[in-house]
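S.K.: Below, each chain spelled out in residue letters.
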Amino acid sequence: MRAVTRFVKSGVVGAAMLAAGATGASAQDSSDPIRIITNNWTSQLVLSNVLGQILQAQGTNVEYKSSDTQLQYTALAGGDMDFQVEVWEGSQAEAFEKALAGGAVDYGAHEAVTREDWWYPKYMNEMCPGLPDWKALDACAGKLATAETGSKGRFVGPPADWGKHYSERIQALKMNFQEVPVGQAATLWAELQAAYDRKEPIVLFNWTPNFIEAKFDGQFVEFPVYEPACLSDPKWGSNPDAVYDCGAPAKGYLKKAGSKQLGEKWPKAAAFLKKVNFTNPQIAAAAAMVDVDGMTPEDAAKKWIADNEAVWKAWLQ
Amino acid sequence: MTSSAAVVRPAAARAPPLDLIAMVAVLAALLVLAQLVPVFDKWPEALVIPVRGWVTDFFAWFAQTAKPVTRAIAWLLAQPLALVEALLYRGIPAWKWPPLPWPAIVLGAALLGHWIGGRPLALLCGLASFYLALFGLWPDAMQTLAIVLVTVPLAAISGLLLGIWATRSRRAERVLNVIFDVMQATPHMAYLGPVVILFGFGQVPAMLATLGFALPPMARCTILGIRTVPRDVIEAGHMAGCTPLQLLWKVELPAAERTLLLGLNQVVMQTLAMAVIASLVGASGLGQKLLFSLQQLQIGKAVEQGVAITLIAIVLDRMTQAFMRRNPQRIAPGTPWVRRHRYLVAFGVLVVVTIAAARMFPALAIYPKELTLSYGGPINDAVRWISRNLFPYVKPIRDSITIWLLLPLRDFYLFLPWPVVIGIPAMIGWHFGGWRLALLPVGLLGFLMLAGFWTPLMLTLYLVTSTTVLCVIIGIPLGIWAARRPLAARIINTVCDTLQTFPSFIYLIPVIMLFQTSDLSNVIAMLAYATVPAIRFTYLGLLRVPQATVEAATAAGATAAQRLRKVELPIAFPEILLGINQTIMMALAMVAITALIGSRDLGQEIYKALPGADTGRGLLAGLGIAFIGIIADRLIGAWAQKRKKELGMG
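Chains A and B are the protein sequences, given in the same order.
Residues in the first sequence are numbered consecutively from 1, following full-length UniProt numbering.
Residues in the second sequence are numbered consecutively from 1, following full-length UniProt numbering.
Everything labelled a hint here was simulated from the structure, so no lab data went into it.
Every value quoted in this text rests on a predicted model; they were computed, and no experiment measured them.
Think of the CB as a built atom: it goes at the ideal place given N, C-alpha and C, for glycine as much as any other residue.
Be aware that one or more of the hints could be misleading.
With beta-carbon atoms standing in for the labels, derived distance ranges [to be verified]:
no.: 1; chain 1: B; residue 1: R71; chain 2: A; residue 2: G142; range: 53 to 61 Å
no.: 2; chain 1: B; residue 1: L499; chain 2: A; residue 2: G142; range: 36 to 44 Å
no.: 3; chain 1: A; residue 1: G142; chain 2: B; residue 2: P38; range: 35 to 43 Å
Quick list of in silico lysine-lysine cross-link-like pairs, DSS-like style, CA-CA up to 30 Å [said to hold, decoys possible]:
no.: 4; chain 1: B; residue 1: K67; chain 2: A; residue 2: K265
no.: 5; chain 1: B; residue 1: K395; chain 2: A; residue 2: K199
no.: 6; chain 1: A; residue 1: K265; chain 2: B; residue 2: K96
no.: 7; chain 1: A; residue 1: K303; chain 2: B; residue 2: K642
no.: 8; chain 1: A; residue 1: K122; chain 2: B; residue 2: K369
no.: 9; chain 1: A; residue 1: K260; chain 2: B; residue 2: K250
no.: 10; chain 1: A; residue 1: K135; chain 2: B; residue 2: K395
no.: 11; chain 1: A; residue 1: K143; chain 2: B; residue 2: K395
no.: 12; chain 1: A; residue 1: K98; chain 2: B; residue 2: K67
no.: 13; chain 1: B; residue 1: K369; chain 2: A; residue 2: K251
no.: 14; chain 1: A; residue 1: K303; chain 2: B; residue 2: K369
no.: 15; chain 1: B; residue 1: K369; chain 2: A; residue 2: K215
no.: 16; chain 1: A; residue 1: K98; chain 2: B; residue 2: K608
no.: 17; chain 1: B; residue 1: K395; chain 2: A; residue 2: K215
no.: 18; chain 1: B; residue 1: K395; chain 2: A; residue 2: K152
no.: 19; chain 1: B; residue 1: K96; chain 2: A; residue 2: K152
Let the sequences and hints guide you as you build the complete structure.
M.R.: Here it is in structure tokens:
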């Protein structure tokens, strides 16, 4: 339900924005730099650099500002930063909505979709027959138990403030698991790398698109398929008394966000940024240049621009 | 100062047993009470005062109201920064001015080093700067350096002025002391929230947060330095007819030089310690790249970047130290200008030549990527090798410590009813320092409970006590060993220095690989940082035991072990207590960092509050950590004071 209203809302905002953009398109762009937010994962860095370099080639000044993923929304709403190319539904929707209410602007969604859920490395298929079904995982809980979780399986969860409800899901599905939340993404990867090297069983939070896919072979656990009713109606699903007895949506949005002044000060650039639209394969290819080929995000962006001229030229029209 | 006082312990030194029995009785009564009346067991959720909401609202309101002022301050601070940035890496694009080419900065650093401290320092400065270019860290390092070069003088000067003010006015000192206590005990990360709300994002807010953290030690050292200037020196100044201002500049400050130096050293260290954390609020540079590397699991690269931060810290530290120690050089009258200012001239020539050369050879303007090196790969492999091959040995240890020690201890802390938790430090305070000291923990811990931070507070206490106990067990023997063998002292000192300046974020990753996301990982991460003072203070305390006392004990026929146990350790005890005090402070400072591994303590509250700009939550949790530190500090301070008196040293 929430997703639907959100979709409608974003559509309305988007339409309003397009109208605003059309009227202001004749004005000249300011010579002040547009402050593009960079985060600390590959795809976001490469895409930010792609857009920054295209804008620079058009004569617009840009400046890259690094930020924490959640703090950036305060900055967008306050006009301290101007553009974010990756807004993730799963982990950032709440902060994003708050920023929209505070003055930030929704710059529309990419074609790319995102998924965030429980994930395991492929070698576990042999240890726990029946995977990726969640019931097979539950039956395998004993193999995932540690000193701290006792007899329960250990699920390495996302940071506690990412707005996931995995503990609730464990209870609703009556799973024999315990969630151990990490503090930051780097901790997740350290856990994964260590377990992967030792071929130990591990179930952890992961998402796509993500550089992890390029380095580690694995897949998502399949929970009962998500429906909006699962989160609002306890009767839905296997547990008649609880919500959250289902997986996460397999196709979450990936959006762009801008500051209020972006459209006012740089109408041309804003019109371009509104049209920007990446797909999953494009994002994966962009990230792989850094994660697999070892390029810097700046160089990867240069190469991406050279390789995909038709794509970005269309956005400039 | 009598040695006999230490050897023959007076009966009064032991706590009166009656006191102890009374304490135990009170605690037992409180435990029983908690079982009978639930309010005295766990403070009910409904009675929590919504202080954090008030604080958040206040900050939101204040930020809105004061925005013109705060933004003006930010703009003002941005100016010197912009200048340094233009010089180091930005240039002035509007006028087509290039930034300084890298050879100018590398050789310039060497030149500066030579001017200040001769050839060895020149070599250190030059090589360290070249490291930044050689490993492809140049632009990021210049960004970090720009912030540091502006923040350090700013923190040093404002700290100095505040310190001077405190020595001139009793009331100012009292107020500032309290403020500094709280500021220093509050973890770095807790500064970020309010700073973002007030000053926005980017380099300047990062600078301000750094300033808040780096300023108190400088002010502290200024106060201490001026206060300890010998009476007769000041008298001499008065007799020479100094005005108060002359007295300050020509007599007091020069006489306090050594202590001021220590303060400056602390400013440099703290500024670079903030380099990584400040990147959470949009400061770009080495810290930001380091976090990115960790996010990509490129530990080796993160080490390269961490070493760069450490190198900048070391170079700046050695430079300031040498600069202060430098003897003013006599210049014969009539020396030509060029000769008098030969370093300046040489630098000018260097800049002109390199800029001209950089026009012809682009490799001199921007260090070419093809010539950069990296040792990250082997480090990555080494970390993974350790995680793969040492794990079988680590696992049983990890499991048994977790099952037999940590989990029971945690459950115990969570079981304790609140009157008992507050009562224990209150009674200790009462025993050592009377009712005033007893009220301190009651007030501070009580406040945290009323504000609804009880569970994270208990989990913090659990982690900090576990860490402190382990630090004492590990640190004191190492300190004793270092005091015995000069070679061991040298090795241990180097390790300690590295542990303290190297960004702690990096060693979190190998720790997680071996110990997983668990309480034990948190304890180990804190341990690496917090053992250092326990070692250092034990070492220093033992070194300061008067030689005559040691000889007297030897002459009396004491064996080495007896001497240690009966003479040296008791005399060094107040010092060791200070070390334990510092250990607790360091452990508390690391609490915020453990949030990145995954914990449920006050550090996690600070970290969680950052994103949503939930100032109240973050600030109060930060204060919570500060409160624990202050209580520990006061109780241990009172204890050390008492011991000193008993030893006849007070």
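S.K.: Of the hints stated earlier, which fail here?
M.R.: 7, 8, 9, 13, 19
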